[in-house]
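J.: In order, the protein sequence lines correspond to chains F and L. Oh and the first sequence: position 72 is 72 in the working numbering, straight run, nothing missing. Oh and the second sequence: position 72 is 72 in the working numbering, straight run, nothing missing.
Misleading hints may appear alongside valid ones.
[Claimed, not checked] Below, in silico cross-link-like pairs of lysine-lysine (DSBU-like), each with a Cα-Cα straight-line distance of 30 angstroms or less:
{"hint": "1", "chain 1": "L", "residue 1": "K10", "chain 2": "F", "residue 2": "K11"}
{"hint": "2", "chain 1": "F", "residue 1": "K11", "chain 2": "L", "residue 2": "K9"}
{"hint": "3", "chain 1": "L", "residue 1": "K10", "chain 2": "L", "residue 2": "K26"}
{"hint": "4", "chain 1": "L", "residue 1": "K9", "chain 2": "L", "residue 2": "K26"}
[What the hints assert, rightly or not] Some but not every residue of chain L turned toward chain F, in silico, with C-beta under 7 angstroms:
{"hint": "5", "residue": "M1"}
{"hint": "6", "residue": "E16"}
{"hint": "7", "residue": "G20"}
{"hint": "8", "residue": "F55"}
{"hint": "9", "residue": "Y56"}
{"hint": "10", "residue": "G75"}
{"hint": "11", "residue": "P210"}
{"hint": "12", "residue": "P213"}
[To be verified] Computed Cβ-Cβ distance ranges for the label pairs, DEER-style:
{"hint": "13", "chain 1": "F", "residue 1": "G50", "chain 2": "L", "residue 2": "L188", "range": "43 to 49 angstroms"}
{"hint": "14", "chain 1": "F", "residue 1": "R49", "chain 2": "L", "residue 2": "T131", "range": "48 to 54 angstroms"}
{"hint": "15", "chain 1": "F", "residue 1": "A21", "chain 2": "L", "residue 2": "Y187", "range": "53 to 59 angstroms"}
These are calculated hints, taken from the structure and not from any lab test. Since this is a predicted model, take the numbers as computed values, not measurements. Note that CB positions come from ideal geometry on N, CA and C, so glycine has one too.
Residues per chain, in single letters:
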Amino acid sequence: MALVRLRGPLKQLAGGSSEHAVEGDTVAGLLRELELAHPALAGWILDERGLIRRHINVFVNGEGGNEETPVSDHDRVDVLPAISGG
Amino acid sequence: MTELLLGTKKGLFVLEGEPGTGFEVKTRAFAGEPVEYAMRDSRTGRLVAAVTSAFYGPKIFYADDPAGEWEQASGIALPEGGDEALERIWVITEGEEPQTLYAGGDPGVLFESRDGGATWELNRALWDHPTRPDWQPGGGGLCLHSIVPWPGDPDRLALGISAAGVWLTDDGGSTWRQGNEGLVAGYLPEEAPETETSTSLCIHHLERAPRRPERLFMQFHGGVYRSDDAGESWTNIGAGLPSDFGFPLVLDPADPDSAYVIPLAADTDRVTPEGRVRVHETRDAGVSWTARGDGLPGENAYLTVLRQALATRGEGETLELYFGTTTGEVFGSGDAGASWLDAANHLPPVYSVKASR
């Protein structure tokens, strides 16, 4: 299992826990599994197209990733809001 | 006491005050988040707000107390696995059935709630309409921003979509047809094909006269229009206004011949004309217009008022009017526009104003 780490409102929507062990082969697969475990997360990270929202960044073991990035057991996946605003 | 719900770039502001006086900020919710629209359901007292986080996408929340806990509504999303994502909710409107609410959004979508805003369902007939591939977005996106029910008849609705024109249903949203006859898109060439001129119509705001529901008024991208046949056809009534461009429009519910607009200089110069802030009123269905500016900035004022940022409460001689600007001012009138006062200022850019209580 990979370890998905969440912050802020995403952490609250995922039951208040910042770390989640999740099964999956890709970032999108992990995030879908995470939504199944925590339905309140639906629509917050992935949009209806299955794409990571534009201003959310996902890092796999510290490197930028996308929906198709492969993940393996013990990988660490950080889901972070981008540095943006106005 | 009047309550103003201000959707702003930096949260929902709930203000309270007496008509014709300054208002106080009583509550701020969704701090830091863009709140595009918020309304209080007059039947239940429930507050419903559209919030589009830059990070987490558009959502609808509801609460009975704006200072309390807000619940996220479900169903505000497009079908999964498609090519489009919901961009924004532009408007939330009471329907004619108890507990019914409608929400309109980008990309040109209508949602319906039968439980006062807790759960929502996409209107599939509009979503699947065969002309949808031809719909053109306006500068603000493909926004369904106006939803006008027919008093007493839940089957009849009119919609305004920028820039896909006016859409009408007589069967509760099972089927939709266009109502665009007479609209002239000055931003298209005269020889543009009919498919272009019927799906590139930049409606800015639509309202229905509740005491004569077959009458509607529209602020168009170029012109103010009136329909006397329930939105099937339109006549330009903008002669006499300082500009044919603007966004918001409201009516006095007591007077089907009334409308208020706030013209902006031009589509290429979206500020109040000549540095003067004026609300323009008609009481003869658009035959003539009168500028109302007593108490509004009369010089060196280049303000922008967005399409949802003008609201009314009450009717007749005590009609209250309120509008917010993108520079954070709110102006109010307690006498149908005869005189105005600063209701609030130093706020974030105002996206929407609703008055209630």
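J.: Indicate, hint by hint, whether the structure satisfies it.
T.: Against the structure, the hints come out as follows:
1. Annotation: proposed proximity of K10 (chain L) to K11 (chain F) holds, straight-line Cα distance about 22 angstroms (limit 30 angstroms).
2. This hinted pair checks out: K11 (chain F) and K9 (chain L) have alpha carbons roughly 24 angstroms apart, not beyond 30 angstroms.
3. Annotation: proposed proximity of K10 (chain L) to K26 (chain L) holds, straight-line Cα distance about 15 angstroms (limit 30 angstroms).
4. With a C-alpha separation of about 18 angstroms, the suggested pair K9 (chain L) and K26 (chain L) falls inside the 30 angstroms cut-off, and the hint holds.
5. Hint status for M1 (chain L): violated, given a least beta-carbon distance of 33 angstroms to chain F, over 7 angstroms.
6. Hint on E16 (chain L) is violated. Least Cβ distance to chain F is approximately 29 angstroms, over the 7 angstroms limit.
7. Annotation: interface hint on G20 (chain L) violated; nearest CB of chain F at approximately 35 angstroms, more than 7 angstroms.
8. For F55 (chain L), the suggested interface contact is upheld, since its CB lies about 4 angstroms from the closest CB of chain F, less than 7 angstroms.
9. Of the supplied interface hints, the one on Y56 (chain L) holds, with its beta-carbon coming within about 5 angstroms of a beta-carbon of chain F, less than 7 angstroms.
10. At its closest, the beta carbon of G75 (chain L) sits 10 angstroms from a beta carbon of chain F; the interface hint therefore is violated under the 7 angstroms criterion.
11. A cut of 7 angstroms between beta carbons decides the hint on P210 (chain L): the least distance to chain F is about 35 angstroms, and the hint is violated.
12. About 35 angstroms separates the beta-carbon of P213 (chain L) from the nearest beta-carbon of chain F, more than 7 angstroms, and the hint is not met.
13. A hinted range of 43 to 49 angstroms for the beta carbons of G50 (chain F) and L188 (chain L) is inconsistent with their spacing of about 36 angstroms.
14. The hint said 48 to 54 angstroms for the Cβ distance between R49 (chain F) and T131 (chain L), and at roughly 22 angstroms that hint is violated.
15. Checked against the hint of 53 to 59 angstroms, the pair A21 (chain F) and Y187 (chain L) passes, with Cβ atoms roughly 55 angstroms apart.
In summary, the numbered hints that this structure violates are 5, 6, 7, 10, 11, 12, 13 and 14.
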